[in-house]
Amino acid sequence: MRNPLLKRIPRELRSEFGKQLAIFLFFVLVISAASGFFVADDSLIKAYDESFEKYNIEDGNFELNEQADAALLSDIEEAGGIKAYKNFYKQEETEGFESKLRIYAERSEIDRVCLMEGELPAADNEIAVDRLYANNHDLKQGSTIELADTTLTVSGIVALSDYSALFENPTDLMFDNDKFGVGIMTQAGFDALRDNHIHYIYSWKYNESPDDNAEAKDMSEELIKVIAARAQLTGFIPEYTNQAIIFTGNDMTGDESSMVAFLYITIVILAFVFSITTDSTITQEAGVIGTLRASGYSRGELLRHYLIVPMITLVLAAIIGNVLGYTLLQSFFAKTYYGSYSLPTYNVLFNASAFVMTTVIPFAIMLVINVVTLMSKLRLSPLRFIRHDLSRRRKKKAFRLNTKLPIMVRFRLRIIFQNLPNYITLIVGSFLANAILLFGMVFEPMLNNYQDMVKDNMLAQNIYILKADAESSSSSAEKGSMFSLTSKEEGYAEEDIPIYGIKQDSDYVRFDHGAKDVTVSSAYREKYKLSEGDTITLYQKYGDRKYELRVGGFYEYPAALAIFADLDKIEEMFPDEQKSTVILSDSKLTDIDDKLIAATISESDLTKTSRQLIRSMNGLMRIFLAFGIVMFILVIYLLAKIIIEKNAQSISMTKILGYTNREINGLYIHSTTFVALGSIIFTIPLSSFVIGKVIEIVFRSYPGYFEYSVSPLTLIEAGLIGAGAYALTALLLTRKVKKIHLADALKNVE
Amino acid sequence: MFLELSNITKHFGEGESRVEVLRGIDMSVEKGEICVMLGPSGSGKSTLLNIIGGIDNSDTGYIAINGEKTADMNEKQLTRYRRKHLGYIFQQYNLIPNLNIKENVEVGAYLSDSPLDVDDLLKTLGLYEHRHKLPNQLSGGQQQRTAIGRAIVKNPDILLCDEPTGALDYNTSKEILKLIAEVNEKYGNTVIMVTHNDAIKNMADRVVKLRDGMIRKNYINESKTAAADLEW
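For the record, the sequence lines run as chains A and B.
Quick note, the first sequence lines up with residues 4 to 753 if you use my numbering.
Quick note, the second sequence lines up with residues 165 to 396 if you use my numbering.
For the record, the hints were derived by calculation from the structure and aren't laboratory data.
Virtual Cβ for every residue (Gly too), placed ideally from N, Cα, C.
Watch out, some of these pointers could steer you wrong.
Cut-off 30 angstroms, straight-line C-alpha distance, at most; resulting in silico cross-link-like pairs (DSSO-like, lysine-lysine) [what the hints assert, rightly or not]:
1) Lys297(B) - Lys10(A)
2) Lys741(A) - Lys297(B)
3) Lys10(A) - Lys381(B)
Simulated restraints, written as ranges between beta carbons of each label pair [unchecked claim]:
4) Ile419(A) - Gly177(B): 28 to 34 angstroms
5) Met378(B) - Gly669(A): 41 to 47 angstroms
6) Asn6(A) - Asp190(B): 49 to 55 angstroms
7) Leu416(A) - Glu232(B): 20 to 26 angstroms
8) Leu24(A) - Glu395(B): 52 to 58 angstroms
9) Gly179(B) - Leu408(A): 49 to 55 angstroms
Just need the whole structure built from these sequences, with the hints factored in.
Structure below.
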């Protein structure tokens, strides 16, 4: 005989259709998003990983100050155990739209390109450009690009395998696929371009590939010595530190961890909501359970019975969520990645780990939480169920409340204490929902604020880094010097720190030049939590020297990590370092030979991090915002509903006594209102603090600095959204209270 | 001896609030007997019934059904004991609200390897035409009849009834008592019924009177009255 209790299941689902549907849809939403994400992410990671072999991506590259002759190159190859490939580029600013275009000659051996649309360049005036760069500037096959002294025609759209993320500088915090792009031309076409901004880059492959990053690090440290001893190095980037190559993989892997955390936190919260719901059902059905247990139903049979509804809901949601994930959402997430990264084409792969993560593990989490909750309840003897005596602790005396408090206040307090577990879950759920909501809300204003702050605190409107000394007649030009050292602080990413030599009476950067100490940018201070008097240890980029620098003060410069020292003392402080001349100027300089300019830093360079983050993340942030609101409403509604249901008899009795619905709402809903609004007020700043800490920790593993700041207005807005969401919930609860009949108080408690 | 109780004691609370609820109960019930336990509130009759039902433990002594002692049983064995031997009827009907009448009875039938025919039983109980209704669509008496159906459908050796008419009016109470007697006669179950209604003793084969946790009287009722003829 089939267990007749099973017949209750469809009826339970039907009788609580709204609630079950809401939970089911929420599960579907979470699981489909996670499943779609994991499938897209894993398929793309696979395509990305395969691209290393398929397109023969370099093990690193170095830049020399001039072209190496064959003898030098072969000497380096032999001594370094590498094969070096010429991989020069020329970088020009485009005319007609603002961007820097880095052009390579066609590549057949190393860092090969993936043709995505059109043709590879055949004529000397043709260029194939990166897909994202093309999209952002509306370039198609046949479009033209104006450079300083030539016009190029786009022959096709490509992905350069060593530029899956368009980083102009490999040590930048963020890539920039709007104002920076890459392209390839025929060798003859490349040669015909002017040489003003040519970079003598040599990509290398080791003769014996390293097994892992640790070995790659050791090998690169040897190689740098070999090259530095034979030529003047101006750049050295092993593959494992080249953001343009590794950022995409790291980001996709990191996103996966975030999605896993997000998925499991949500499932845990929902599992707790479910277990509280089930707990409340058990309380309501205590008499029945006692009778069934007394009649011979085992604890296991009842446990399985009460597990069915939550588990069926999860399994169905997992099936539908996975179907949606594999079909609709994976392409959505893949598009999101393609919107940020220049990835090669990919195939959707069945992903066993996605199934485990979105179905098996959530199933296990739900099962464990519900089994633990149910077991602890069902462990009670049948007699206690029959007597409706389900409190796990022996009842002590009722705690006393100050009788000076008005009775209605005491009544509310009793309701809060009676439902403490529900309220605690509500506060935790509200915290997580607020964290998600806030994450969705703070991003754009925070980035805009950061952008404004960077613009307001620039060293100068234009910074020119020169290859050789040069003069400008412009009255705004101010000469200084610059070189870079490397920071290798434990727990942080290895990153280059520019050190500026600034003259004493500088119009642009004003700080105390008296001491021998250095002045540190505010971004540096914030990232490394520095105080005056602290010592910073920095290392020579291509050598063994170590510098211990004492922090003498700070300069408000939030855009980048930088150190400022007196121009006259810098030579004495860092005698072994090769310094470049820098010109700071608020106006654009036209009298410096273009060939002498190694790089320029303008407003758009400093704001590219925030611009790119807004472009890449804005859509996602709106999803977070909506998700946070839905989660907030769901958690509060489900838990508050249980409180009303649990007190249905008392509510009915108060109605019999003559209390109006308004007064009853004042008792039962206002208690929840008090807790819900209190939790909003408490958890929003807490969420903001936690997000700030998470961002701070996450950004330690990236070079550069990004300040997390939230205006009080955003926090207030988040609070108001939360309060609005609660108001909607309270409306539903008010209807529920209204529906409770007077006769309910006279019924048997079932 | 079908049911044997020997030296059953039970106390609640500790120290000053310690109450001896049962003070050495010795009694036995024959198979197929209707045993009515009477006594004022606090006399220990419900506690004794719960101990017989295996849902409460005694401090000392033992209960044996056909020589099988419950005190030696672990949790699983106790559940099996209840499943195999006992049917329970309470003052509160404790029906499952979202199962209909027939399904509520089937909940009991599921526990037995050889249950009674559910439809036949529903007819006996006068519930056949109400079998598709939910409990809240029936009167208190009909709900209690359903609870009786649920208890006896597995054809238990012992039917334990804790104030089965406590929540019912006079006529309905008589109807229920009549039904219990019919069931006892038809299926031969031993019935142990706890009540504070003195008149019910007249339908019993055996009457046990408790006071202050002790048996004050335990006798065979020689002048048994039909349940329909009970008056109070």
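Each hint tested on the structure:
Among the hinted pairs, Lys297(B) with Lys10(A) is consistent with the structure: their alpha-carbon atoms are about 14 angstroms apart, no more than 30 angstroms. In summary, the hint linking Lys741(A) to Lys297(B) is supported, as the alpha carbons are separated by about 27 angstroms, within the 30 angstroms threshold. With a C-alpha separation of about 47 angstroms, the suggested pairing of Lys10(A) with Lys381(B) is violated against the 30 angstroms cut-off. Between Ile419(A) and Gly177(B) the C-beta distance comes to about 31 angstroms, which sits within the given range of 28 to 34 angstroms.
For the pair Met378(B) and Gly669(A), the supplied restraint of 41 to 47 angstroms is violated, since their beta-carbon distance comes to about 53 angstroms. For Asn6(A) and Asp190(B), the Cβ-Cβ distance of about 40 angstroms falls outside the hinted range of 49 to 55 angstroms, so the restraint is violated. Hint check: Leu416(A) to Glu232(B), Cβ distance near 52 angstroms, so the stated range 20 to 26 angstroms is violated. Evaluation of the 52 to 58 angstroms hint for Leu24(A) and Glu395(B) yields a pass: the beta carbon distance comes to about 56 angstroms.
Between Gly179(B) and Leu408(A) the beta carbons are some 34 angstroms apart, a value that contradicts the proposed interval 49 to 55 angstroms.
The structure shown violates the earlier hints numbered 3, 5, 6, 7 and 9.
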